[in-house]
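Novice: Sequence:
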Amino acid sequence: MITPTTIGEHPEAAAASSLPDLTALSELANQFFRALPGAAPGALPAVPAEPSSEFLPAAAAATAPPEGIAAPPSSAAIPSVPFAPPSMPSGPGSPYYFIGEASGYRPSELSRAQAWEFPAGGATRASSEHIEARSHELPGQAQLATLAESILTSGPQPTGTSRTPSGAADRTPGFYFLDPRVDPRGASGLGAAFDSHPAFDVHAIRRDFPILAEHVNGRPLVWFDNAATTQKPQSVLDRLAHFYAHENSNIHRAAHELAARATDAYEAARNKIARFLGARSSEEIVYVRGATEAINLVAQSWGRVNVRAGDEIIVSHLEHHANIVPWQTLAKETGARLRVIPIDDSGQILLEDYTRLLNERTRIVAVSQVSNALGTITPVTEITELAHRAGALVLIDGAQAVSHMRVNVQSIGADFYVFSGHKLFGPTGIGALFGRSELLNAMPPWQGGGNMIEDVTFERSTFQKAPARFEAGTGNIADAVGLGAAIDYIERIGLENIGRYEHQLLEYAVRGLQTVPGLRLIGTARDKASVQSFVLEGYRPEDVGTALNREGIAVRAGHHCAQPAVRRYGVEATVRPSFAFYNTCAEIDRMIRVLHQLAAQPGTGRR
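Position one of the sequence shown corresponds to residue 48 (the working numbering), numbered consecutively onward.
Just so you know, these hints were derived from the structure itself, not from any lab.
Keep in mind that a hint or two might mislead.
[As the list claims (entries may be wrong)] Label-pair distances were calculated between CB atoms; the ranges are: (1) 520 to 258: 26 to 34 Å; (2) 301 to 327: 28 to 36 Å; (3) 475 to 263: 16 to 24 Å; (4) 403 to 543: 33 to 41 Å; (5) 484 to 376: 23 to 31 Å; (6) 292 to 376: 39 to 47 Å; (7) 457 to 375: 24 to 32 Å; (8) 265 to 292: 33 to 41 Å; (9) 276 to 404: 30 to 38 Å; (10) 614 to 305: 49 to 57 Å.
For glycine and all other residues, C-beta sits at the position ideal for the given N, C-alpha and C.
Sequences and hints are given; from them, build the entire structure.
Specialist: Structure, rendered in structure tokens:
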């Protein structure tokens with residue numbers, strides 16, 4: 048028999064799921080088990096908790112975070128997230144696996160949720176690496192699924208269902224007692240209060256990413272290189288495969304069925320991007336290879352028409368090379384001047400200095416919403432408002448922002464906004480440029496060819512309106528569709544949930560890094576995304592990166608294509624772990640352990 052006491056013996060598991068009421072939950076669970084044919088109710092299997100970080104010095108929890116990094120509500124360390132074992136993709140069995148109704152796509156039956164068998168004594172730091180996935184069903188699983196289906200068909204249905212190609216609903220059971228925001232005592236029936244955001248579960252999320260089951264140097268992969276590129280969920284991989292298997296065609300210029308399918312999928316993804324960014328219309332979304340191409344497009348199309356000798360372009364000291372070099376090139380070609388907003392020691396933009404740079408000669412301000420090297424979140428709304436007062440336009444580089452926070456280009460007031468799909472859990476080689484429609488339609492095409500033309504003779508050519516005028520030739524159709532699937536996936540989880548969890552990871556990592564002798568944090572602004580650069584005394588960043596790689600931990604070591612920002616701190620390179628919502632505190636523990644080992648070995652691997 049399940050009781051509140053048996054559940055309460057595992058507070059970490061209860062906290063991870065944010066169960067609303069143990070008494071109501073246990074009674075409801077017992078009703079389910081009693082209803083199973085021939086099954087005697089018993090205690091739920093215990094969820095093993097990840098031990099605390101015993102390798103950290105006792106003073107770690109009391110160590111104050113750097114100035115600007117918010118401390119947790121109490122002095123206790125953030126509870127370790129239980130280790131999520133390597134797994135096969137969960138596919139449609141995951142509460143987060145989501146393709147979207149517009150595509151008419153149904154995932155393959157080969158993608159299934161896995162059952163897990165833990166070693167005797169539970170998963171510990173030593174044993175968790177040897178946990179293996181089991182594909183057999185748990186006792187009573189089939190009967191429970193049948194019972195759940197019968198209950199669902201007799202009561203209100205959950206939302207968020209996908210469709211088969213014929214339009215029939217493919218229901219995934221959802222129960223109100225699994226949603227931590229719903230009080231079961233106030234629900235009218237099973238499934239009544241289920242909505243499109245299931246409870247955040249890092250273990251279910253990890254099972255959606257096949258590559259997290261990979262081993263490197265005999266160790267489970269830890270992917271802390273998310274600022275360079277993010278991994279892809281199974282739903283994105285499946286959507287790409289489905290496109291090539293069932294929809295592959297060029298778009299727009301044909302009268303056959305596959306062209307219609309491909310065009311619908313391509314434009315449906317554009318609509319998702321417009322909604323995701325808060326644009327007024329999908330006509331304000333241009334497909335590009337990524338943020339770099341988008342910035343070059345604006346610099347070469349808008350810039351060549353609107354920037355003249357003596358004009359000024361403003362960037363910040365935080366910028367990625369992709370938001371420096373195109374403007375530098377434009378300034379050199381036109382005789383304009385490039386001016387730079389300074390940053391303080393924490394890595395935040397100095398707004399007073401920015402205000403002094405603005406004048407009647409300023410034509411455009413180009414800044415990142417989140418720094419790729421330091422993680423600084425910049426005040427883009429205020430930056431934009433100040434620029435508009437001076438009569439200048441604003442381009443926001445959102446490559447590092449869109450995966451961590453909700454973006455609304457209208458609220459920001461951005462004239463242009465760019466991002467890359469591969470940093471948003473989507474495919475490589477695809478991204479988007481948002482531009483206000485009146486600006487895009489006044490800009491000349493950047494490249495010429497098919498698709499972007501309205502009429503061509505040997506004497507002259509006329510061009511379509513935006514966005515088609517900037518999409519010459521055959522676009523990256525499949526990866527655009529894949530990007531749409533990635534947006535579906537993260538919206539299913541909820542960007543607010545993602546941001547909250549990643550901030551906890553950042554705080555946990557900062558406290559752990561501060562315990563390593565000789566380690567210096569680079570970038571400690573008050574508002575940060577989940578990026579934390581550092582250097583370790585006596586070691587080159589690449590030496591630290593190599594040592595971490597031997598333990599299966601992937602970080603970026605170098606200047607991160609942001610040399611001016613890194614050199615602001617008197618160094619040429621840093622080690623940069625960057626976190627995503629599929630990472631765990633247990634993985635951070637592994638990284639900190641290696642750094643302690645390096646710090647305790649003077650002379651080994653040093654310059």
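Novice: Hint by hint, note whether the structure agrees.
Specialist: Evaluated hints:
1. 520 to 258: 26 to 34 Å: Holds, since residue 520 and residue 258 (Cβ atoms, about 31 Å apart) stay within the stated range.
2. 301 to 327: 28 to 36 Å: 30 Å, holds
3. 475 to 263: 16 to 24 Å: 20 Å, holds
4. 403 to 543: 33 to 41 Å: 36 Å, holds
5. 484 to 376: 23 to 31 Å: 27 Å, holds
6. 292 to 376: 39 to 47 Å: Holds, at about 42 Å.
7. 457 to 375: 24 to 32 Å: Hint holds: Cβ distance 30 Å, inside 24 to 32 Å.
8. 265 to 292: 33 to 41 Å: For residue 292 against residue 265, whose Cβ atoms are near 35 Å apart, the range 33 to 41 Å holds.
9. 276 to 404: 30 to 38 Å: Holds, since residue 276 and residue 404 (Cβ atoms, about 33 Å apart) stay within the stated range.
10. 614 to 305: 49 to 57 Å: The hinted range 49 to 57 Å holds for residue 614 and residue 305, with Cβ atoms some 52 Å apart.
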